[in-house]
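There are 2 protein chains.
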Amino acid sequence: MKKSGKMTIVQIAEMAGVSVSTVSRVLNHKGNVDADTCARVEQIIFEQGYAPNRLAQGLVRQRSKTIALIVPDISNPFFADIIHGVEDVCTPLGYSMYLCNSNFDHDRESHFLVEMAERQAEGALLISAFLQNQELIHQLNRNSMSIVCIQTQIEGIDCVNTDDYAGLCHSIQRLIDLGHRRIAFLCMDKRGCRMRFQAYCDTLKKNGIPIVPEYIRESVETNHSENPGYSMARAVLSLPCPPTAIQSLNDHLAFGVYRATQELHLRIPQDLSVVGYDDLPISSLLRPALTTIHQPAYSMGEAGCELLIKNISSKRNAAPRERREVLFATRYMERDSTAPPREL
Amino acid sequence: MKKSGKMTIVQIAEMAGVSVSTVSRVLNHKGNVDADTCARVEQIIFEQGYAPNRLAQGLVRQRSKTIALIVPDISNPFFADIIHGVEDVCTPLGYSMYLCNSNFDHDRESHFLVEMAERQAEGALLISAFLQNQELIHQLNRNSMSIVCIQTQIEGIDCVNTDDYAGLCHSIQRLIDLGHRRIAFLCMDKRGCRMRFQAYCDTLKKNGIPIVPEYIRESVETNHSENPGYSMARAVLSLPCPPTAIQSLNDHLAFGVYRATQELHLRIPQDLSVVGYDDLPISSLLRPALTTIHQPAYSMGEAGCELLIKNISSKRNAAPRERREVLFATRYMERDSTAPPREL
DNA sequence: CAAAGAAATGAAAACGTTTTCTCGGCACTT
DNA sequence: AAGTGCCGAGAAAACGTTTTCATTTCTTTG
Chain A
195 MKKSGKMTIV
205 QIAEMAGVSV
215 STVSRVLNHK
225 GNVDADTCAR
235 VEQIIFEQGY
245 APNRLAQGLV
255 RQRSKTIALI
265 VPDISNPFFA
275 DIIHGVEDVC
285 TPLGYSMYLC
295 NSNFDHDRES
305 HFLVEMAERQ
315 AEGALLISAF
325 LQNQELIHQL
335 NRNSMSIVCI
345 QTQIEGIDCV
355 NTDDYAGLCH
365 SIQRLIDLGH
375 RRIAFLCMDK
385 RGCRMRFQAY
395 CDTLKKNGIP
405 IVPEYIRESV
415 ETNHSENPGY
425 SMARAVLSLP
435 CPPTAIQSLN
445 DHLAFGVYRA
455 TQELHLRIPQ
465 DLSVVGYDDL
475 PISSLLRPAL
485 TTIHQPAYSM
495 GEAGCELLIK
505 NISSKRNAAP
515 RERREVLFAT
525 RYMERDSTAP
535 PREL
Chain B
195 MKKSGKMTIV
205 QIAEMAGVSV
215 STVSRVLNHK
225 GNVDADTCAR
235 VEQIIFEQGY
245 APNRLAQGLV
255 RQRSKTIALI
265 VPDISNPFFA
275 DIIHGVEDVC
285 TPLGYSMYLC
295 NSNFDHDRES
305 HFLVEMAERQ
315 AEGALLISAF
325 LQNQELIHQL
335 NRNSMSIVCI
345 QTQIEGIDCV
355 NTDDYAGLCH
365 SIQRLIDLGH
375 RRIAFLCMDK
385 RGCRMRFQAY
395 CDTLKKNGIP
405 IVPEYIRESV
415 ETNHSENPGY
425 SMARAVLSLP
435 CPPTAIQSLN
445 DHLAFGVYRA
455 TQELHLRIPQ
465 DLSVVGYDDL
475 PISSLLRPAL
485 TTIHQPAYSM
495 GEAGCELLIK
505 NISSKRNAAP
515 RERREVLFAT
525 RYMERDSTAP
535 PREL
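Taken in sequence, the protein lines are chains A and B.
If you want our numbering, it's the 1-based position in the first sequence plus 194.
If you want our numbering, it's the 1-based position in the second sequence plus 194.
One or more of the hints may lead you astray.
Given that identical chains are not distinguished, each listed pair holds provided it fits within a single copy or across any two copies.
[As the list claims (entries may be wrong)] Distance condition first, Cα-Cα at most 27 angstroms in a straight line; then the derived DSSO-like pairs of lysine-lysine:
| # | residue 1 | residue 2 |
| --- | --- | --- |
| 1 | K399 | K384 |
| 2 | K509 | K200 |
| 3 | K509 | K224 |
| 4 | K200 | K384 |
| 5 | K504 | K384 |
| 6 | K200 | K259 |
| 7 | K224 | K384 |
| 8 | K224 | K399 |
| 9 | K259 | K224 |
| 10 | K259 | K399 |
| 11 | K200 | K504 |
| 12 | K400 | K384 |
Simulated from the structure, these hints should not be mistaken for laboratory data.
Keep in mind the model is a prediction, meaning the values are calculated, not measured.
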């Protein structure tokens, strides 16, 4: 039962007094093998606790049954929920997942991408990525590893998204309708949220509101011991003429904003309106409950993984497949963190 | 530059007019190779965008440079933070991580364990696991894959923990000192939190308070579309004689309790005291701020991964290594969700 | 009863690497 | 001039599988 060191198929073969081919056949239940022999081999496999080496298997089968997940920040529950969705579709299909955390670092993102290709991942799910490495992405997608993006749009690459532009237009417009004119925008890296940023600018412009550079904050350092929303909020709220509303890139950053307002003894929404994005389960529990834009994280993960796996199959069958994009609807969740600004 | 299909080392060798051994030498910068030859080979490698197949590499080197993470629930930010800590130590060392989500399902846990061994993971971090599969764990740890536990104690296996027993004793005692006698305990699966459950029972007993089975709730189904804390709280609060305080296994479950109290129009802490465990960053932002027991998730991840990697090295060098356990201190964070019960 | 097919097995090639040998050539040392 | 040692390079074995091909034996079938 308990042998030390690792068993290989040839040792099993020797013990059973058959060839490796036969052992392989019983292992994979394919090809014809005598019932007695089969039983004997299986017995020995069981006794020795033998399990095939999947690396070797993958090498000859030309199939690793592995996909890679590249997320910017595992600490953000939104990504965790996506991952959950991904896993629920890929695990039953026998795929394992590599997890890579880019920390919003563009170099790490590229680095992980090639590492995962080297490790023969059959596909990669690129979640909320920057768009710097388009060339690399296309090259990999063409040659080695199918790629699908979630919450990111790249030309020629399958993706699943929500309508960020519309969602954010709606949110900003709503703030303006409430009477806000000094609206800040907090994000991690503008390259990672082009559409939302564009929506912010366009909606302001459409309403004849000037865009104030000081109201637009990015957090570009990549080592976050604490929520970057906090420091950005502190910065923007200490301006001589601070904003009356903050649109945060996502709920996670908005949590940092909440903390900043507590320290500064500002009340939400009387002194400051705050809007998030994602609608994390926890966001409705905050007091005041966070106004935000709902995205179906879990379903996005599922959809992305399904797309990816279909792409992997078609690539193996050399079946051409046209690009596709799945788009989920957003829902504006107006709760208690938004109100008319004080001045009115 | 852009060729389709995958390059192999022999194709590179052919193009460069050298043997594979030479290409391998320049790839790994080991052994002597002529400067000119080297340059030529490197040029071709670059042009073709060639990258070595790590599966094949792993096969001959007998080293996958991979570890596995087995967590019960990726949606719980506590685990996400642990993962973050793990990653920050293993990535710089060239290790990649497999992520497995057991969904609190004991069978899935075991299944992942053997799958990861088959995939030649050099080690596994078993996080907040049940203790059903001890035999399997020991067998794997002996033969194929080093194992380290986080937030779990298994005899003979390295682990990193906080002093759960003391932490929870303190918390329950504090509730009792406030005047509570009807204290509920909510958890996922008692097997996954023996120490905490034991502490709960012992502290009640020590204070002469009877243990009421109805106050002890487990959530054993494994498919959670929503926070199990919610339904357990609803159940326990609808008892004829409901508890005046709830000790939740962790903060994540406590969030569900919060939601239940909102629906039932119960006020925390006036009508119900709630205590969590973990001290997630978000917990201090809730209103009322959640009383909880602090655990250093990130550091626990780091420590676990360091332990694991040291074990892997000693195993490779056949250097014996005595078992070790690293223990972090907990801190009781008394905030606004606890108060004397109403009846007093 | 001969021919044909099927069943059961083994040998060997293949997957893409690394690594150990081996070997010739050249530069030193005496 | 002979021995020593290093440098640069290739051949081939090894890693642990799967799979194709070949071979033998057995069972059909007309």
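Hint check results:
no. : hint         : in the structure
1   : K399 to K384 : within (18 angstroms within a copy, 57 angstroms between copies)
2   : K509 to K200 : between (35 angstroms within a copy, 13 angstroms between copies)
3   : K509 to K224 : within (25 angstroms within a copy, 36 angstroms between copies)
4   : K200 to K384 : neither (50 angstroms within a copy, 35 angstroms between copies)
5   : K504 to K384 : neither (31 angstroms within a copy, 40 angstroms between copies)
6   : K200 to K259 : both (22 angstroms within a copy, 17 angstroms between copies)
7   : K224 to K384 : neither (53 angstroms within a copy, 43 angstroms between copies)
8   : K224 to K399 : neither (66 angstroms within a copy, 60 angstroms between copies)
9   : K259 to K224 : within (19 angstroms within a copy, 32 angstroms between copies)
10  : K259 to K399 : neither (49 angstroms within a copy, 52 angstroms between copies)
11  : K200 to K504 : between (35 angstroms within a copy, 20 angstroms between copies)
12  : K400 to K384 : within (21 angstroms within a copy, 58 angstroms between copies)
The structure fails hints 4, 5, 7, 8 and 10 (numbered hints given earlier, in ascending order).
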